[in-house]
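Asker: Start from chain A and add chain B according to the hints.
Residue numbers (numbering that gives the first Met the number 0), protein chains in the order written: chain A, 0 to 207; chain B, 0 to 77.
Where hints are given, some of them may not hold.
[Unchecked claim] Derived lysine-lysine pairs resembling BS3-like cross-links, with alpha carbons at most 27 angstroms apart: (1) K200(A) / K49(B); (2) K14(B) / K35(B); (3) K14(B) / K49(B); (4) K35(B) / K200(A); (5) K200(A) / K16(A); (6) K19(A) / K193(A).
It should be emphasised that the hints constitute simulated quantities derived from the structure, not laboratory data.
Everything numeric in this text was worked out from a predicted model, so none of it was measured.
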Amino acid sequence: MNASVAALPREDEVQSKIRKVRQFGRIARVVCATIFGFGLVSTVGMLLVIVLGPFPGTNIKIGLGPDFYTVSKALLTTLQFKVTMFLALGVVSGVWLSAAYQLYLVFGNLAAGAIYTPENVRRVRYVGLLMLLLAALGIVIPAAFVVAIGFIDASVPADLDVLFPSMSQLIGNFVSAGLILLASWIMDVGLYEKDHADELKREADLVI
Amino acid sequence: MPIVVNLDVMLARRKMRLNELADLVGITAQNLSVLKTGRARAIRFGTLEKLCEVLECQPGDLFAFENPAADAAAVANS
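Chain A on its own, in the form it takes in the complex:
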């Protein structure tokens, strides 16, 4: 409870970095909002194309294999194709939009100056888990599709690699998800350390 608390070393440097983080948060929030809005409109548009289609010549990319749309259109009946694409696009886009929304909230907190908070740690962890889910969906959805195709028509050739994302894309997805999760764990540890330091400061304030 000292009358004048001495400034900590690197105080000015840290304050400058906080200002930068806030400024970055403001810009990133706008970018995230734009991505979210664009993603939402695109998803609705693509869902409409799927429901009203299939239209010849169209090829919708939804983060799965490069030819998921065209292959499923060629192999399935119209109803099966619509249901499959609707579900796949709905799930993948839903996860993407959720991740974008969580990032929007995190950047909103950063813009408001709330940097090291339990809410931010939780939301970054959610983003990591959603990215991990996306990476897993890149394998699970095409795999389920291949299995289902096998049941529907056993004569379909097994060369369905085009349904899966490329190996480098898959590895990239898992690595980025892992890095985000790691960042959230590091933030969690930092939050514990901050709480501990705050507690020590409160204790020190009561030493006369």
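Answerer: Below, chain B alone, put in the same frame as chain A:
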């Protein structure tokens, strides 16, 4: 906390005010108030030395230990 601060007793005996003691000891009246009301978690030897010097007393005059278990047993016996 079983440690009781008898600073108010010593102040009354010396007919001294809290602000005056704070000035003489060289700490803020706010900190001294924290100590007097028993909210302090610890006291530095330096602060204790100055308090004893100004109040012309021993550390034992400023603090007392009241054992809650012994107090409860005494109440039960009576």
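Asker: All hints are to be evaluated individually against the structure, with a verdict given for each.
Answerer: We went through each hint and held it up to the structure:
1. K200(A) / K49(B): holds (24 angstroms)
2. K14(B) / K35(B): holds (15 angstroms)
3. K14(B) / K49(B): Holds - the C-alpha atoms of K49(B) and K14(B) are around 17 angstroms apart, at most 27 angstroms.
4. K35(B) / K200(A): holds (21 angstroms)
5. K200(A) / K16(A): holds (23 angstroms)
6. K19(A) / K193(A): holds (21 angstroms)
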